[in-house]
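**Student:** So the sequences go chain by chain: C and H. If you read the first sequence in the numbering used here, its first letter stands for residue 7, the second for the next number, and so on. If you read the second sequence in the numbering used here, its first letter stands for residue 353, the second for the next number, and so on.
Don't read these hints as lab results, they were simulated from the structure. In this text the structure is predicted, and so the values were computed from the model without any measurement. All C-beta atoms in this analysis are idealised placements derived from N, C-alpha and C, irrespective of residue type, glycine included. Where hints are given, some of them may not hold.
[Said to hold, decoys possible] Taking beta-carbon pairs under 7 Å as the criterion, some of the chain H residues facing chain C (in silico):
| hint | residue |
| --- | --- |
| 1 | L356 |
| 2 | A361 |
| 3 | F363 |
| 4 | Y431 |
[To be verified] FRET-style restraints, in silico, Cβ to Cβ:
| hint | chain 1 | residue 1 | chain 2 | residue 2 | range |
| --- | --- | --- | --- | --- | --- |
| 5 | C | A96 | H | V471 | 49 to 59 Å |
| 6 | H | S534 | C | A96 | 23 to 33 Å |
| 7 | C | L127 | H | L368 | 31 to 41 Å |
| 8 | C | W21 | H | T417 | 48 to 58 Å |
| 9 | H | G388 | C | T121 | 43 to 53 Å |
| 10 | C | E50 | H | Q536 | 16 to 26 Å |
| 11 | H | G404 | C | F140 | 47 to 57 Å |
[Stated by the list, open to error] Sample of chain H residues facing chain C (criterion: CB under 10 Å; computed from the structure):
| hint | residue |
| --- | --- |
| 12 | T452 |
| 13 | T455 |
| 14 | W472 |
| 15 | A501 |
| 16 | Y528 |
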Amino acid sequence: MKYSVKFLIRLCVLWATVFIALDLGIIRVPSVVASDNTSLKVGEADDALQRAFMAVSEAENAGANVSSLLVQLEEAGQILVEAKLAYNNANFNEATGAADECSVLASSVINQASTLESSALISTRVLLWQMIAFAAVGGFVFAIVLLMIWVRFRKHYVKNLNSKKPRVEFDAEA
Amino acid sequence: MLKLKHYKAIFAITGLVGILLFASPTLSLVLHLPGGEKFSELWILGPTHVAGDVPFNVRANETYTIYLGVGNYMESSAYYIVEVKFRNQTDPFPDPLSKTPNTLNPIFEYRVFLGDNDVWEREIAFSFENVSFKNNTSTISSIVIDGHALHVDKDVAWDQTNNGFNYELFFELWLYNAPASSFQYNDRVVGLQFNMTDNKTL
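For reference, chain H alone in the conformation it holds in the complex:
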């Protein structure tokens, strides 16, 4: 049998725990505990929502679709810009590990506003216009993205290693930083490499 002072201690602890339980709703309003990891997502998927079926061998004046998505897990609403950039073999390569954005100018952009734990996904239609092939060089004059004709004027030489005229359409994620009142690169980049084929060869 326990001594009376031991029972007294048990009652005191029970009392303290009970009072804390009653105060916990108030404490949850006043105290804000640190949350988990804050991050954002950026992805592209093929026309059937699968990563494997993104277009690779493309032709002029033919429309292709992909899905572009952004996920917000920043524990608050976020304002994003997805910059669309287009490069050829000689342009700088988008390096996901470099933590710095590609230096090319964007040809198009998407402005995305998301609540916490929300995702944005959009079907993007694109095609290539005024494509020419001459002396082992392919030139794309413009890309049409979601009905907007964008002047790019990029040419590539025949890539003997990969057997094709290889271009890349890539997407960079930028997040609005409220204290700095500016957008900052969010270290997220996804790319879509493709081979421009001559209509005659297919």
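Okay, chain C solo, but in the shape it has when bound:
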């Protein structure tokens, strides 16, 4: 009987220790670890999607056509929603798989956006130089033509003015 009371006390102490350790998070049961890992993966996928959108915005600001990238982002966004729903339903494997898929798709979009941005920057620079050349040559030719017209017009104006001058006849006898 004495032995069994001691045993019970030990059991209670052990149970209390395990309970406190679980409560403080010192000991983690597999499902809690899985939940934490999945939560991390879903969070990473969310961040990756935000970074992908930023990359697409930068490519757009550089002048790239990003419509195909937006379609891919939409797809990644739907996968992220699926991952969150699976996580909320404690389907951690499904959630992790979807989160990984979303992250991969987001990374692919970032790479594509970077390539599009580079080519768009080059195209914009070429276009800018073409426009500057057009403005310089066009403006110069226009100014020369206008100057020539002005010179001819002035000559004509002065000639016309001279022809309209009143003539005073000199009377020799007077």
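For chain C, the structure is supplied; the task is to place chain H on it using the hints.
**Tutor:** Using the frame of chain C, we list chain H on its own:
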């Protein structure tokens, strides 16, 4: 007849305008003039694309459809989240004028990426499952949206003013703010009020 100095001024102005016209394509690439008003749209329409035919009297285990739409007029691509929330009589009311989001947790969300001047519209199917009626109280345990069963567990008492068990499914628009690296409530909310009816009473 004009004097020569007046003709000179006309030629000078013509020259200046002409040179500016030649330079305008280049200037348009370099200078960015301020655009118009930037805004986003959020709407719901009934199953026939009309605002008037959104479902009101609903029953358990019956599927209803609506159209949810978002429009982007922000002059650049935008990343939106449409949060779907569900409330009963006692939950906080979504106030479009308060400029603050409703404090309820979303039960579902849509992630939307749109180019400038683009719209996104989607047909949404929803139904109510595990609905019970007891002592002048109706309880909805779950809503199925686009095939996803979502646990809500909301109950309402019989509303004597409106003669029904009134719930509201509403949608809030959130816009990704790149400088802040976070989503911000976009002051857009649309709601779908409905009366849960007992199958036996219909």
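**Student:** Against each hint, give a clear statement of whether it holds in the structure.
**Tutor:** Tested hints:
no.	hint	result
1	L356	holds (6 Å)
2	A361	violated (12 Å)
3	F363	holds (5 Å)
4	Y431	holds (5 Å)
5	C:A96 with H:V471: 49 to 59 Å	violated (36 Å)
6	H:S534 with C:A96: 23 to 33 Å	holds (27 Å)
7	C:L127 with H:L368: 31 to 41 Å	holds (33 Å)
8	C:W21 with H:T417: 48 to 58 Å	holds (54 Å)
9	H:G388 with C:T121: 43 to 53 Å	violated (32 Å)
10	C:E50 with H:Q536: 16 to 26 Å	holds (22 Å)
11	H:G404 with C:F140: 47 to 57 Å	holds (55 Å)
12	T452	violated (23 Å)
13	T455	violated (19 Å)
14	W472	holds (8 Å)
15	A501	holds (9 Å)
16	Y528	holds (6 Å)
The structure is inconsistent with the numbered hints 2, 5, 9, 12 and 13, although it conforms to all the rest.
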